[in-house]
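In case you want the letters, here they are:
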Amino acid sequence: MAMRNAYIDQFPEEARVIRAALWSSFLALMIGGTLGLIQGLHRTNVLRFIPSQDYYTVLTAHGVLLVITFTIFFLVGIFTWAVTTSLDRGVKDIRFTWGWYAMMSLGTLLVGVSILGGVVDQIPMNADVLYTFYSPFQAHPAFYVGFVLFVVGTWLAGFDWFRTWWAWKKDNPDERIPLPTFMALTTMLFWYLSSIGVAISILAFLLPWSLGIIDSVNPLLTRTLFWFFGHPVVYFWLMPAYMLWYTMLPKLSGGKLFSDPLARVVFVLFLILSTPVGIHHQYLDPGIAEGFKFIAMTNTMFLLLPSLLTAFTVVASMEHGARQRGGEGYLSWLKALPWRDPAFTGMALAGLMFAAGGFSGMINAGLSINYLVHNSWWVVGHFHLTVGTAVALTFMAASYWFIPQLTGKEIWNRSLGLVQVVLWFIGMTFMSNAMHRAGLFGIPRRTAEPQYEGFSFDPAVGTVAEIDAQVALGAALLTLSVYLFITNMVLTTIGGSTSDAIPDNTYAGTLSGPEDSPAIIDNLKLWTSIAVVLVIIAYSLPLASIIDAGGLFGPGIDPWKPSVVVDPSLVLESVRGVMP
Amino acid sequence: MNIHTYEKTWLAVAMVLIVGFIATITYGAVGPGIAMIDDDGGTIDPDTINDDERFSDPGVTHVGGNEYEAAVVAQAWAYTPSEITVPANSTVTFYVTSRDVTHSYTVAGTNVNTMVVPGQVSEMTVEFDEPGEYGILCNEYCGAYHHTMEGKLNVVPEDEFDLTELSTEAPDEAQLGNQTTINTTVSNDMNYDLETTATLEIGNQTVEQDQTVEQDQTVEQDVTVPAHGSETLEFAVDTTDFGTGDHDWTVTVDGHEGSGTLTVTNATEGGDGDA
Chain S
1 MAMRNAYIDQ
11 FPEEARVIRA
21 ALWSSFLALM
31 IGGTLGLIQG
41 LHRTNVLRFI
51 PSQDYYTVLT
61 AHGVLLVITF
71 TIFFLVGIFT
81 WAVTTSLDRG
91 VKDIRFTWGW
101 YAMMSLGTLL
111 VGVSILGGVV
121 DQIPMNADVL
131 YTFYSPFQAH
141 PAFYVGFVLF
151 VVGTWLAGFD
161 WFRTWWAWKK
171 DNPDERIPLP
181 TFMALTTMLF
191 WYLSSIGVAI
201 SILAFLLPWS
211 LGIIDSVNPL
221 LTRTLFWFFG
231 HPVVYFWLMP
241 AYMLWYTMLP
251 KLSGGKLFSD
261 PLARVVFVLF
271 LILSTPVGIH
281 HQYLDPGIAE
291 GFKFIAMTNT
301 MFLLLPSLLT
311 AFTVVASMEH
321 GARQRGGEGY
331 LSWLKALPWR
341 DPAFTGMALA
351 GLMFAAGGFS
361 GMINAGLSIN
371 YLVHNSWWVV
381 GHFHLTVGTA
391 VALTFMAASY
401 WFIPQLTGKE
411 IWNRSLGLVQ
421 VVLWFIGMTF
431 MSNAMHRAGL
441 FGIPRRTAEP
451 QYEGFSFDPA
461 VGTVAEIDAQ
471 VALGAALLTL
481 SVYLFITNMV
491 LTTIGGSTSD
501 AIPDNTYAGT
511 LSGPEDSPAI
521 IDNLKLWTSI
531 AVVLVIIAYS
541 LPLASIIDAG
551 GLFGPGIDPW
561 KPSVVVDPSL
571 VLESVRGVMP
Chain G
1 MNIHTYEKTW
11 LAVAMVLIVG
21 FIATITYGAV
31 GPGIAMIDDD
41 GGTIDPDTIN
51 DDERFSDPGV
61 THVGGNEYEA
71 AVVAQAWAYT
81 PSEITVPANS
91 TVTFYVTSRD
101 VTHSYTVAGT
111 NVNTMVVPGQ
121 VSEMTVEFDE
131 PGEYGILCNE
141 YCGAYHHTME
151 GKLNVVPEDE
161 FDLTELSTEA
171 PDEAQLGNQT
181 TINTTVSNDM
191 NYDLETTATL
201 EIGNQTVEQD
211 QTVEQDQTVE
221 QDVTVPAHGS
231 ETLEFAVDTT
241 DFGTGDHDWT
251 VTVDGHEGSG
261 TLTVTNATEG
271 GDGDA
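Going down the list, the sequences are from chains S and G.
Throughout the first sequence, residue numbering follows full-length UniProt numbering, covering 1 to 580 in sequence.
Throughout the second sequence, residue numbering follows full-length UniProt numbering, covering 1 to 275 in sequence.
This is chain G alone, in the form it adopts within the complex (with noise of 0.2 angstroms):
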């Protein structure tokens, strides 16, 4: 076959380059490391998603160390939770799944992007080194109000970080002169132990543990919630001395808090004494 001089140079150009291309993206694959997104997912069947022990729940998880999971569902046209906040210098497993059309998890800007098909689960490693907000989008078309999809991703300072949640729950009301409790319970999604102080405070004081919270007073607990558990947490109050009105009170747990107010009513008017 007849090739001119120039052209066969060029195609030994073309040749160079094409193979170069291959070589540095090979290079990236076993050097650095760079995974793609591949079948270790698996696959799931949609209707099941709120069985699944994984996306039940979703959310972040501590798997130990500086290593964390993060679950996400997917669905037209919002992500479940649709913020999730991980430590820097930390290494977070993305699960993401579809309950409906094929969506995309994508933190802009950066190349933490997935495509999200239904039946299938897709796994990603990322790693964080600096703290800092992201955007959250979806940019596959999943329907009419699919630019209306999106999320947040907060990298925290390592010491800023913990996966404690609150939670209360309190009658709104009680008689003067009943007493009450106020239910707190926390959960710990570290992979170990949280110990830590329960403080209910009404109005402004500070009693001991085990003692009924009388008015204007504060009282703690200690408490050791397990690794990926919850503890719920009672705290006793005697209305007795607080004088009809409202009263606000606030749980603290680990520096997270939960609040609301209770309002004494005299006993004829009303009110459950003992919720």
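Isolated chain S (complex conformation) (with noise of 0.2 angstroms):
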């Protein structure tokens, strides 16, 4: 025990607040992974057990818990875990730590509790409203104030972070900041700009509104300042996945990082260009200037260059460890790499996907070409190959390693361990090239019943039934995966036995080091600063001529609160009877 120097060994405190955040984290992702095998089986008519209506609170739950709970729970521990180690030094003050987790996870349950009331009828809230939360759809303002608290929670885990940092700086004003904290600094710099939108979106507009403080909204200045930080967000959730492929990966794989400074180089790039590239989701938007969406469109290709920098940059990294572990040869090298060890092979294979969903993402940013894509299924089988398999199996490829870490434990089943990260590649293969091709003959997303009375769909290769074959068995199988991760989990914290045999609590080195780029690329303030420039040039005139022509609370937009109790017959009447 004594030579044992594991993360809970150097930082007992902090371990437990990121086991704790870890935790909220894998709840969410149990919970959310099961809501997806529902949607995976109604969807394609599989197996429906919910009415079609359901569906939405489903959704709703799904996407909120897995793109929201999941991830950025994931984040905080990990970013925390960053920071400490890499200034070797604890958090300034553990209650504060304690509580910005209390406070997100307030915010969690409040969200939680008003969405579940769409499907059970002892709660009187509703928040059907999708991830997205478009006005005039109105949610109980409980989801928004939840929102909010999540939202601050994780603003004051930056400030614990920056906080650190400003300690460590002083004791040592001479010396670069560490890889892993520069990392974390500059993706909480951009989160802090993007998320602006999102909180002036609610705290302006949506919770005033659901309170009946006000009487109407504009739906596109809404729906703008949500996509203000709904693309930095998909960043948000990626970058610790990035700094994970960065400082783990190399050295789980044998080696060193290839290159320090241009990790940090991507990093600023991401700081820099996260933010002003939101419009490229409303290219089909009304009431926004071709030319505006010209300017996302831009701003999105040139941010492929960071993630395409990070593909040369792991693989290089992971070269270098196969031949350092004797490897050789053209190719293979791949086999001296450490395959059995389900901490790299969950990263790597995150890694060989995240190129494909990179592929698509592409796609998606073509201004033209979009126009075919947006809103089918191509999109969710995008982002299932990057937040869903990027992010999510390299967030659980690296519980493999941190567990241990945080508990002293060692994993309870390696072997099952591979064989759920390999698993969920599998599962991901069949769902997700299957909804790509879903999404180019016009399948949509985010619907029940994509089954229509008048028309049918016409793959071009393939059938109907073969691709709903694919989800629904895609969808089987990863969700059996989070089923293998979570119990390896619980018995690995439970049933695990105390080890001694715990590696050391440290990241990989570097090839090149941080001495071999300028100083300035440190400048935090030079760089966020171009970012602010940058979000101003993008955003400012397309705001501007949202609230000009509709004005800031709309033309007297009525709300719509989502209920399950309305009859389509009856709504159709309705809708006749409105008509001249």
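Source of the hints: derived by calculation from the structure; they are not laboratory data.
No experiment lies behind these values; they were computed from the predicted model shown.
It cannot be assumed that every hint is accurate.
[To be verified] Label pairs and their calculated CB-CB ranges:
hint, chain 1, residue 1, chain 2, residue 2, range
1, S, 215, G, 20, 41 to 51 angstroms
2, S, 172, G, 4, 21 to 31 angstroms
3, S, 121, G, 191, 35 to 45 angstroms
Yeah, the Cβ is synthetic: ideal placement off N, Cα and C, and Gly gets one too.
Since each chain comes alone in its own frame, lean on the hints to assemble the complex.
Structure, rendered in structure tokens:
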């Protein structure tokens, strides 16, 4: 025991908070993943045991739990690890750290209960508004309050890390920011910048509106403010995965990070470019001039650069590791990699799938071709490769390394871990290829029953039945994978035995260190200023023209509270009733 | 800054790729002229849709030449009109707005796809070359029955296309020996006058215009319906020789039909003689 130097030995207090954050994340993954199976079986008409109206409650919960709760709780845990490990000092005040964790948890609880109200009659709430909560859909105020508490919790978490860094800087005035901390701080900077959008949307418009303080909102304005935040948030999910690919994957491969300077450049590019791209989610929106969409498209395309650089560095680092392990040849070095290690294999497979997701993302970013795929199942296939695999599989894989660090216990069953990550890859291969193809001939996303009365879909290759079968099979394998993961984590935590063989808490060294890059790279104020300027260029005119044309509070838009008690035939009557 | 040679090469290739993407999209915009949905449609107060010139009577109208406009109102969970018919080799500008929440107006499997945001009018111009049938669906979540929101787009051969609509109004009953009237309203949404003949047929015989229609006769009236206008025709029907019982009638204008049944009763059985 004396010789062990795992994270829990170095920072026992912080390890407790990180464990709590990771468990919150895993719980969300388990619930959200189960809901995903319900959706996969329902949409494809393999098994329908809920009414289709309730599908949208399930979908809202699936989206919020997986892309907000699962990802961001994991992020705050892993960034706390990154900052404390790389600065080699604990947080300034652990009570503050628990404070932001509690705030995020309370927010999650409020959001979760308000969504649950959509299917539980005893809860007099409804938030069937999906993860995007577009007005004039109006959720229960608790949904918006919960969302705000959660986001403010992340802001405080960021402050916690900045504060730790400031303290470290005082003691180490001439040193470069250690890479993991640099990554956490740059990520938080664009998070602060971008979440201003959703904060304004909720605090100035949606929350007062749901409380009856204001009568109307401008749907295009709140929608645009959502996407001001809604694209950067995908990089917020992705950055912890990138950090793990840069700082853990080379080490797990048996080598070192290829280039520290390029890693910094990549994170600086994300800081600068993450936010002024959100309008690329609104290529099909009326009320936004084509030029603004063009600016967003251009910024988006340049945002490919840091991901392409990452692809290079990750593969180069893996090759370096493989050669350190005795690998040789043009490609046969691949055989020398530690494929039996679930942490390595999971991350490597996640990176591979991210390449595929990146390519479909390039299609989405294409202003004109986007019209073919927008809001189709293609998009769902895309983000199940990105957030659903690059992020989720990396997080699960990393947990096979982190949980022993945080508990001092060996993984209950590493072979099962290997099966789990491979199963995810296989399940996602089935599901995402089918979703992508389905989108090309028009099967829509976010739809309980994509089977229509007046027409049917006509795939160029394969059949709708085959596509549905692949999606249902994929969803089943993915859910099984989640349960194997949770089982392994639970049994490790409660049943695993404390071990002295846990490796030391370290991250990858570098072949080319920070000394190879100019000090200006670490000038966070400079990069933040540039990011702000780009955001002003990309957003001030579109927002001004939306407000100018539609008013700050819209042209008399009535709230629409989602409800499941409406009979569609009555609605059709009412449609006829209001038509002249 | 020290960057490995391979990494520099990769960087260069990545930049070429990115600039290439931007160049192809730019070419698509300025070359073939692929236009995006933008702010040309303007804004609208959803409460005033019924008073709006364009949306109070949504549907397809002819602008001139091979150009058409299609106005559509989206509402949870239907489009008005739900079915759109346009000719092949036409250019159709769609104007779509929403009465309630955000919808989409999406022709499945094509790039005809727009968000429909309340307060905004989406304007998009589409060229239809070949005849065909397409499904229209809403791909933006719009409430509990979102999945039921659909429509139909028919692109028909040019020679089968017109914008003539026919509605008829006639009494169901008439007393034997009385005269009654079958009113026929013909509307024309083409941008030119429609010169055509309206034919009323009761039974299977034909008589000339201006005659009072008697039993088993057909009568024709020439009619000119002005561009974007309508005309109402009156067919006077004398039931003297009809005999009591049901008499089916059909009005035919420009290939469109309206039909009904006139029940002729004895005077003692009641019934309104002259409708």
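Exercise. Is the hinted range of 21 to 31 angstroms satisfied by the C-beta distance from residue 172 of chain S to residue 4 of chain G?
Worked result: Since residue 172 of chain S and residue 4 of chain G have Cβ atoms about 28 angstroms apart, the given range 21 to 31 angstroms holds.
Exercise. If you check the beta carbons of residue 215 of chain S and residue 20 of chain G, does the distance land in 41 to 51 angstroms?
Worked result: Since residue 215 of chain S and residue 20 of chain G have Cβ atoms about 49 angstroms apart, the given range 41 to 51 angstroms holds.
Exercise. Taking 35 to 45 angstroms as the hint, is the beta-carbon distance of residue 121 of chain S and residue 191 of chain G inside that range?
Worked result: violated (56 angstroms)
Violation of the numbered hints given earlier is confined to hint 3; every other hint is satisfied by the structure.
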